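*Asks:* Per this note's numbering, residue 678 is the first one in the sequence shown, and the count goes up by one each step.
Certain hints may be false.
What the hints assert, rightly or not - In silico DSS-like links for lysine-lysine, alpha-carbon gap of 27 Å or less:
(1) Lys-854 to Lys-895
(2) Lys-846 to Lys-872
(3) Lys-1144 to Lys-1230
(4) Lys-854 to Lys-769
(5) Lys-1044 to Lys-1230
(6) Lys-1033 to Lys-1230
(7) Lys-1099 to Lys-1122
(8) Lys-1269 to Lys-1132
(9) Lys-986 to Lys-953
(10) Lys-755 to Lys-717
(11) Lys-968 to Lys-954
(12) Lys-1251 to Lys-1144
(13) Lys-1179 to Lys-1230
(14) Lys-1045 to Lys-854
It is worth saying that the hints were derived from the structure and are not from the lab.
Note that the structure is a prediction, hence the values are computed from the model and not measured.
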Amino acid sequence: MMKKQHLFSIVFLSFFCLSCNQVTTSGAPIDFEMLLVNSKENPSTIESEEPLFSWIIDVEGFNKSQSAYHILVASSQKLLGENNADLWNSDKVNSDKSTFVKYQGKSLQALQKYFWKVKIWDEQGTVSKWSEVQEFEMGLMHPDNWGASKWITLNEDTRTSEHRFRGYKRGNMKKAKPVDGFAASYFRNEIDLSKDIENAQAYICGLGYYELYLNGTKVGDHVLDPAPSNYDKQAYYVNYDITEQLKFGKNAFGIIVGNGFYGQNISWSRDPESNKKGVSYGPPTVRCLVKLNYKDGTSADFYTDENWKEATGPIVFNNIYGGDTYDARYELGNWNTVGYNDAKWGNAKVASPQVKKISASQIPPIKKLKEFEPQKVFKAPDGNWIVDFGQNIAGWVKLSVQGNEGQLIEITTTEALLTNGKDIFPGSTGGGANGMAQIYKYICKGDGVESWEPKFSYHGFRYAKIKGVSTKPDADMIKAVLVATDIQETGSFISSDELLNKMHSISKWTIVDNVHGIPEDCPHREKCGWLGDAHAFCEYALYNYDMYDFYKKYMEDIRTQMRPTKGHNTPDIKFQVPTMIAPGKRTSTYAKIDWGVATMYLPWYNYKFYGDDAIVKEYYEDMRDLTNFYLNFKGENGIMQDGMGDWCPPRWDRRKNPSAMECDPIISANAYFYDVLGIMETFAEMNNDVAFSLKMKQEQRELKEAFNKEFLVEILNTKHKWYQSQTATVQALQFGLAPENEIESIVNGLAHDIVEVKGGHHSTGIHGNRYIYTVLSKYGKADLAHQILTTPDFPSQTYVMNSGFTTWPERQFVWEEMEGPTNSLNHPMHSGFAAYFYESLGGVKSSEDKPGYKAFTVNPEFPTAITKTEVVVPTPYGDITNNWMIKDEVLSMNLNVPFNTQARVLIAPSEFESLKINGASISEFKQNNPIEIENGFVILGSGDYTIAYSKN
């Protein structure tokens, strides 16, 4: 196994094995399965001046690839011909590039729709038909295109409901103080259309969350829109096609605006890790522009300004942490319909918020994704009802009740029950850190059955305690609603081990619950984008979901969070450095090395998984400057004197049990930094920065020498070595820090600590847990990896599952010894380990020399307990599938290699004799299909393969 790994680690030049001509139909039809612009089908609101074109091809046969392409772009379908394409005619380009092909035509204009098509030539020179015509539409692109539209905000807070206040209490406050926050604002206006509409587009930017209405109906299905950002530097607008909703004659527009994160001026205001001037950007504000194009060829704009009417309404309190309070007695009737009497409404206030840039949102919107009915309902000791929805989610409750006028119904949402199961346990949802307990309040108007769900807050919860109802809750009364960014699940994993399948499900749930426009740490207590958490689960997220735009957006959050920071060794020099959290005004300190490396890792992972170098080039200077900042921490021993630590290992508590973090924060930070220096060398080469590339190579070499000198030690009374903790040892093996001649000793040292010292358990936090199972599998200890995953005793992932959790908790404690499970029970940083399911058990990883799975390795590494695994890995070229099973020591893989890609299947020397491909022995297969075999890799072009061999 050690020899096999050595072969596996050899880097070699990839090539298309055009000689591997398995029998195929000459001139097999070339079909376009999907055509994309900026990774979207027929997108609207594109703002890049050089959009990127991609296509996925479906064609039968083997070793099929692209040799050339031809793209046409025109301003109309009529002009989309080879002789008259008025924007871009690429002519035939001899290239195998079929993803992220950069537009190189005439300047694209704001708000214009364009049409395009493509044809390709395969490896034999066979040309396809032209693809179906596709289209894309540009966004506003420039601030001037917002025209005469104005920002508007509430002029007067007219709330009078006694329920507009909540109690705020945190830290050492002796009693709660009443707070009301900024009011939710209602705006309306009408327009009279005297001509027939050809097309109408609405563009809306909420500073805070908004909901847009037209003629009494909500526009679109987005909620909690738009995504949070550093609003003063970067805000996002959303585009809706409202052509079908508009009608001839009068039309009524309505907008409700809530605080979101922009106007959140209650929680964290006294927090020592937050902006000293407060965390709010100001009262919620909105700007809306409607572009009207009439059938007679004329056009007009309709927009927000001082002529819009304003009011407050039934949402008498809204806070992203605390929840919404809805007093139905203050409902405004049909306020967003034509003819409504708004004589008592005031005029909106024109505002001038500080917003440097407004861009079109490119990430998927937040939506209501799923509803959950009560799974169990029982009474608490105080007589109130508790509902168990069966799954820890992020979202809100949906209520349908009948009550008297003024009757208060209060729903407290929590993640957990007391250990005895008799009542809810507040835990991280009780408001200790942010001062606001998770509570939804509804005040009845007393008019039959009343239905309601919140608009401007979301909670993390599984349980709901309901106060104020007289009958036992059921599915007709209350449901839970999953609310999250609508990232599309594109990958899949399943194995013969149901424990691992359940871990996979829990890992996915923990991610879905924590994407609300940013990668959060948790969906309740903080809702913050901690950088360390973000890179901890990034690779696993990329295996499972389409995150192409999501991480691009988050990189903009990190960039806009950067601020001038003095160097450690040379304080007279300042660097641009992000804070531990992005975005927002809750910042913590400057980003310590092991958190700040997210700035390099996220572009690296995006590049590896998608192959688009745009993110690398866009943020190169930021990454370069940050790398120099961290180099400024170098001590006399060659080690960077900085680090946050291997967060949340078993039994660890920052105040009560800090020594449970076995790994010195400086060691784990320097291990990460060593890996990042190698990444930055690659990035420098990609950006033709020769001097910095050479500098990175030297710094990495020096750090490796210093790291081993300082931290590699012998384990007493053994022949083994390690880096003084499981985490540091795992990192050193993962990142290539371990000296080649010491690897066996170090692997055995890691195993020794796991088995002999820890009794078959891990002692890792998020840094070590991400890689420990992958590393053990890589170095011949796959059975040990499986053992520590599946042991039912504390600590292990199986112990957590057996404790009843449906998402991964933040901390690793012995839960049954506690009154209730403290801290967050929904922390995606602990999902990162599950990349092991794809990269080790599924055995599929993108190459680094041909990223985006243009070439990929196939090498399942698995324990004896697992006999079958099926993975689907999404790529820009189509899905890779690898379904394998082992029986009687024969491994059989059904492998699908997408068009225009290569699989590099690693076969150990001892396995070659028994190797069969599509039923033929390797010798027979080579006779009829000459193939390349290099460094133990069998190179396969596109096609469906059955690969079988005796497995050592």
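*Asks:* Would you mind marking each hint as holding or not holding in the structure?
*Replies:* Outcome of the hint check:
| no. | hint | verdict |
| --- | --- | --- |
| 1 | Lys-854 to Lys-895 | violated, 36 Å |
| 2 | Lys-846 to Lys-872 | violated, 56 Å |
| 3 | Lys-1144 to Lys-1230 | violated, 40 Å |
| 4 | Lys-854 to Lys-769 | violated, 70 Å |
| 5 | Lys-1044 to Lys-1230 | holds, 18 Å |
| 6 | Lys-1033 to Lys-1230 | holds, 16 Å |
| 7 | Lys-1099 to Lys-1122 | violated, 32 Å |
| 8 | Lys-1269 to Lys-1132 | violated, 36 Å |
| 9 | Lys-986 to Lys-953 | violated, 35 Å |
| 10 | Lys-755 to Lys-717 | holds, 23 Å |
| 11 | Lys-968 to Lys-954 | violated, 38 Å |
| 12 | Lys-1251 to Lys-1144 | violated, 55 Å |
| 13 | Lys-1179 to Lys-1230 | violated, 31 Å |
| 14 | Lys-1045 to Lys-854 | violated, 33 Å |
Checked against the numbered hints given earlier, this structure breaks hints 1, 2, 3, 4, 7, 8, 9, 11, 12, 13 and 14; the rest are met.
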